[in-house]
Amino acid sequence: MALDATAPRRAGKRRSPRREISAGAFAALMYLPTLVCLALVLAYPVLYAGYLSLHRVGLGQLRRGEFPFVGLENYARLIEDRLFWLALKNTFLFTGVTVGAEVVLGVAIALLINQTGIWTSRVTRLLILLPYAVPPIANGLIWSFIYSFQFGFLNRMLFSLGLIDAPINWSGNPHGALYAVTVPYIWRTLPFAILLVHAALQGIPRELHEAAAVDGATAWRRFWHITLPLLRPIIAIILILRTSFAFAVFEEILAITQGGPGDATWVAAWYSYKTAFAPPNNFGVGSASAYVLALLIGLLAIVYVRFVYRRVTL
Amino acid sequence: MADKLSSKCEISRRLVIETMAKAAGVGALTSLPGVGAAPAQTGGPWSQAPKGKVDKVNFVVWTYGDIYTRISKQFEADWGTKVESTISSFNDHPTKLATMFAAGEKIDVSQSSPFSFPNFVDQGLAEPIDGLPGAADYIKDFTGFTKQVTQFGGKTMGLPYFSAIWVWNYYTELMEKAKIDKPFTTYDELIEHCVKAKKDGIARYPILWVAGVGLEQLPGTWYSITCNRGGTFFDKQGNHMLGPGSIAREVLKWWANTYEKGLDIADPESLKVQFTSSAKAFGAGKNLYRGPNHHYGLNIVNDPAQSPIAGKVKVHGWPGDGKTIGVTHVYFLSSANRDKEWAWKLLQYLGGRTKDGEYTQAVGLARDAMLGSGYQSVMQSDAIKKGWAPWGDVDAILGMWDKASYIGEICSSVYKPWHFPWSDQINIEVQKCLTGQITADACCDNLIKGIDEAKKKV
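Chains C and S, in that order, give the protein sequences. Heads up: the first sequence runs through residues 31 to 344, numbered per the working numbering. Heads up: the second sequence runs through residues 3 to 460, numbered per the working numbering.
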């Protein structure tokens with residue numbers, strides 16, 4: 031009897047939903063290792079940079095580990111520095127040109143290689159992807175040779191084709207140097223956009239296009255009303271990722287122009303680098319500028335998600 | 003017992019390393035011609051082993067050929083102590099050193115250009131060498147340049163790496179083609195030659211300036227011409243000399259006029275080239291004149307392995323009284339050393355005497371790379387006279403050397419920690435001026451304002 035009385039209670043206890051881990055908690059548990067890793071690898075440096083940006087940090091202080099608190103003084107110095115504002119302006123311009131071009135060209139090339147009527151060999155696809163495998167600094171060096179004023183490949187080619195009769199100073203012209211740096215950058219990063227858009231195109235059902243074609247929709251209308259809306263989520267992702275990377279462009283600047291001529295190609299990451307890592311090694315101001323950059327990237331990501339991203343259900 | 007055994011083993015290892023290294027050719031290094039031309043002093047403090055014990059020593063420097071591999075081997079052979087090195091490019095070196103120092107790594111010896119050095123001293127990276135065994139002898143042998151670079155508030159903070167002066171180069175074949183029988187003796191004549199060469203179709207861009215972004219490239223060109231014309235950037239009280247009518251400002255106007263918006267005789271590539279790359283670009287044989295820049299560019303442009311016009315480039319001095327500028331780079335004892343005595347020993351191998359009393363590194367640099375020395379005895383030795391001969395007219399260069407002032411006399415801000423950020427601004431503003439974005443007057447006005455801004459950054 032006693033056994034009869036307790037057995038169902040135990041069984042009931044075992045089945046009680048309150049004793050089982052909820053789906054949310056289970057998900058959190060599964061995320062935990064990743065969260066810990068991200069916290070250590072990403073959050074800690076970001077927070078530490080924030081901490082440094084509020085302190086006076088030179089080489090001596092870093093060595094001793096003693097950082098006098100200066101409040102917002104480093105940020106005030108940034109605001110006063112004309113070069114910082116110029117670097118920000120150049121960064122916005124660079125990002126606008128490169129990300130815009132990457133999205134447009136990425137969609138166009140992905141559509142092209144997605145056409146069943148156009149045969150693209152594996153070699154062609156490999157060649158399209160190849161620039162993404164080139165290390166950024168190597169890419170910068172290659173293009174600095176290509177752009178060389180008297181001995182560069184680009185001028186030589188244009189000259190041989192009869193398109194120019196005098197060499198063009200591609201990366202040494204203050205009005206064009208920033209645009210000159212965008213080309214190698216786009217060349218290197220475009221495959222990423224192509225890859226993502228091409229993968230997204232594979233997921234669009236062919237029937238939608240066939241039905242629209244039966245209804246007399248032109249190719250352009252099919253692209254505008256079917257393909258593009260369905261690509262919005264992936265375009266939003268490309269915008270977020272490529273914007274954040276373009277905002278932090280550094281290697282091509284280092285290899286091709288080093289910020290010159292004059293200050294024509296000073297961008298935000300170059301400013302942070304020069305401030306922190308060149309004497310007098312002001313890591314506090316360098317961290318502050320990097321922090322401002324990170325905040326701007328975060329804001330832009332929110333804007334993209336708010337205005338570009340749309341949940342797509344087929 | 004165990005201690006005795008390990009001690010025996012250690013001696014034995016040292017002997018093995020010594021024997022192997024000598025067999026590998028280090029012995030040959032010390033017996034090369036030229037070594038020993040500067041008086042060797044055997045039996046001095048450089049031949050005595052440090053008292054302490056370390057498992058290794060290390061240095062952080064910028065790259066130059068294989069000089070560091072060779073001197074490290076010699077150190078290991080002489081003392082049985084392993085040498086580790088961290089070598090980066092010239093422009094990356096301050097960053098590399100700063101990050102290693104900030105990260106708390108051990109650094110025994112490092113290196114600096116005179117422009118970064120006040121910052122390194124100010125931030126506590128370097129230790130004085132006064133009172134260390136043999137230091138007084140080195141100081142006695144320092145050249146004037148070296149004394150000016152290494153002395154801070156009465157303390158000596160380093161030993162010399164190399165010295166250089168600013169000179170001009172000209173390409174004889176193009177000079178002949180342009181029917182110019184001798185190089186310029188005045189600045190007007192320089193312009194005349196270039197305009198003529200361009201007009202006659204001999205050279206599209208007759209002059210290749212060294213005006214790439216850097217501490218010595220673009221600023222050095224401006225400093226050197228200003229110096230030659232009798233100007234300075236600061237007076238003895240530290241007031242700037244960049245105002246209207248100043249020599250530095252007039253030089254900039256003249257210089258900017260050689261670019262596209264003016265006479266269009268300056269190679270646009272000038273704004274990118276560094277020391278070596280300018281010599282290599284000149285080696286393509288498209289320019290009449292190159293410079294002004296370090297004298298040792300000749301060892302590239304007159305080297306058949308590196309230059310198609312080797313043997314046809316000559317060194318040329320300055321107009322007027324021939325005044326020019328010079329510079330000395332230094333090695334220093336790091337305050338983050340693992341053992342001061344051992345760090346001092348290693349520092350001497352790089353910037354002083356080796357165990358045998360020779361200035362091995364300085365002599366090797368003179369002979370192999372045409373570099374000048376920061377020691378009087380080496381400058382007066384056969385290492386220079388014979389070592390430099392394959393690349394240029396040694397007597398002519400030494401004659402120019404006698405007329406050279408240390409760069410700090412022309413631009414005394416190099417002694418200040420704020421010079422580095424101000425130098426960044428010089429690069430920006432002067433390039434804007436040379437590319438026609440702003441006038442020379444606006445450039446100088448911006449630089450005057452920039453002095454206070456640079457001081458705030460320190």
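Among the hints, erroneous ones may be present.
In silico BS3-like cross-links for lysine-lysine, where the CA-CA straight-line distance does not exceed 27 Å [claimed, not checked]:
| id | chain 1 | residue 1 | chain 2 | residue 2 |
| --- | --- | --- | --- | --- |
| 1 | S | K75 | S | K405 |
| 2 | C | K304 | S | K451 |
| 3 | S | K98 | S | K342 |
| 4 | S | K388 | S | K316 |
| 5 | C | K304 | S | K314 |
| 6 | S | K263 | S | K314 |
| 7 | S | K55 | S | K75 |
| 8 | S | K142 | C | K119 |
| 9 | C | K119 | S | K458 |
| 10 | S | K451 | C | K119 |
| 11 | S | K325 | S | K388 |
| 12 | S | K288 | S | K255 |
| 13 | S | K405 | S | K388 |
| 14 | S | K75 | S | K98 |
| 15 | S | K342 | S | K181 |
| 16 | S | K157 | S | K282 |
| 17 | S | K451 | S | K142 |
| 18 | C | K304 | S | K418 |
| 19 | S | K200 | S | K142 |
| 20 | S | K157 | S | K418 |
| 21 | S | K181 | C | K304 |
| 22 | S | K316 | S | K149 |
| 23 | C | K304 | S | K388 |
| 24 | S | K98 | S | K387 |
| 25 | S | K288 | S | K179 |
| 26 | S | K457 | C | K119 |
| 27 | S | K459 | S | K418 |
| 28 | S | K238 | S | K263 |
| 29 | C | K304 | S | K98 |
| 30 | S | K98 | S | K388 |
| 31 | S | K457 | C | K304 |
| 32 | S | K149 | S | K451 |
| 33 | S | K157 | S | K142 |
In case anyone wonders, no lab produced these hints; they're calculated from the structure.
Tested hints:
1. S:K75 - S:K405: Violated: K75 (chain S) and K405 (chain S) sit about 38 Å apart, past 27 Å.
2. C:K304 - S:K451: Measuring from Cα to Cα gives roughly 20 Å; hence the hint holds.
3. S:K98 - S:K342: holds (22 Å)
4. S:K388 - S:K316: Holds - the C-alpha atoms of K316 (chain S) and K388 (chain S) are around 17 Å apart, at most 27 Å.
5. C:K304 - S:K314: violated (40 Å)
6. S:K263 - S:K314: violated (31 Å)
7. S:K55 - S:K75: holds (19 Å)
8. S:K142 - C:K119: violated (54 Å)
9. C:K119 - S:K458: holds (24 Å)
10. S:K451 - C:K119: holds (22 Å)
11. S:K325 - S:K388: With a Cα-Cα distance of about 25 Å, the restraint between K325 (chain S) and K388 (chain S) holds, given a limit of 27 Å.
12. S:K288 - S:K255: Answer holds: K288 (chain S) to K255 (chain S) is near 25 Å, not above 27 Å.
13. S:K405 - S:K388: holds (21 Å)
14. S:K75 - S:K98: The given pair, whose Cα atoms are some 23 Å apart, holds under the 27 Å limit.
15. S:K342 - S:K181: violated (61 Å)
16. S:K157 - S:K282: violated (39 Å)
17. S:K451 - S:K142: violated (41 Å)
18. C:K304 - S:K418: holds (18 Å)
19. S:K200 - S:K142: At roughly 50 Å apart (the allowed maximum being 27 Å), K142 (chain S) and K200 (chain S) break the hint.
20. S:K157 - S:K418: Measuring from Cα to Cα gives roughly 16 Å; hence the hint holds.
21. S:K181 - C:K304: violated (47 Å)
22. S:K316 - S:K149: violated (30 Å)
23. C:K304 - S:K388: Roughly 42 Å between the alpha carbons, so the hint for K304 (chain C) and K388 (chain S) is violated.
24. S:K98 - S:K387: violated (36 Å)
25. S:K288 - S:K179: It holds: about 12 Å lies between the C-alpha atoms, which stays within 27 Å.
26. S:K457 - C:K119: holds (25 Å)
27. S:K459 - S:K418: holds (12 Å)
28. S:K238 - S:K263: At roughly 35 Å apart (the allowed maximum being 27 Å), K263 (chain S) and K238 (chain S) break the hint.
29. C:K304 - S:K98: With a Cα-Cα distance of about 13 Å, the restraint between K304 (chain C) and K98 (chain S) holds, given a limit of 27 Å.
30. S:K98 - S:K388: Outside the cut-off at roughly 36 Å; violated.
31. S:K457 - C:K304: With Cα atoms ~16 Å apart, K457 (chain S) and K304 (chain C) stay inside 27 Å; holds.
32. S:K149 - S:K451: violated (31 Å)
33. S:K157 - S:K142: holds (14 Å)
Hints 1, 5, 6, 8, 15, 16, 17, 19, 21, 22, 23, 24, 28, 30, 32 from the list above are not met by this structure, while the remaining hints are.
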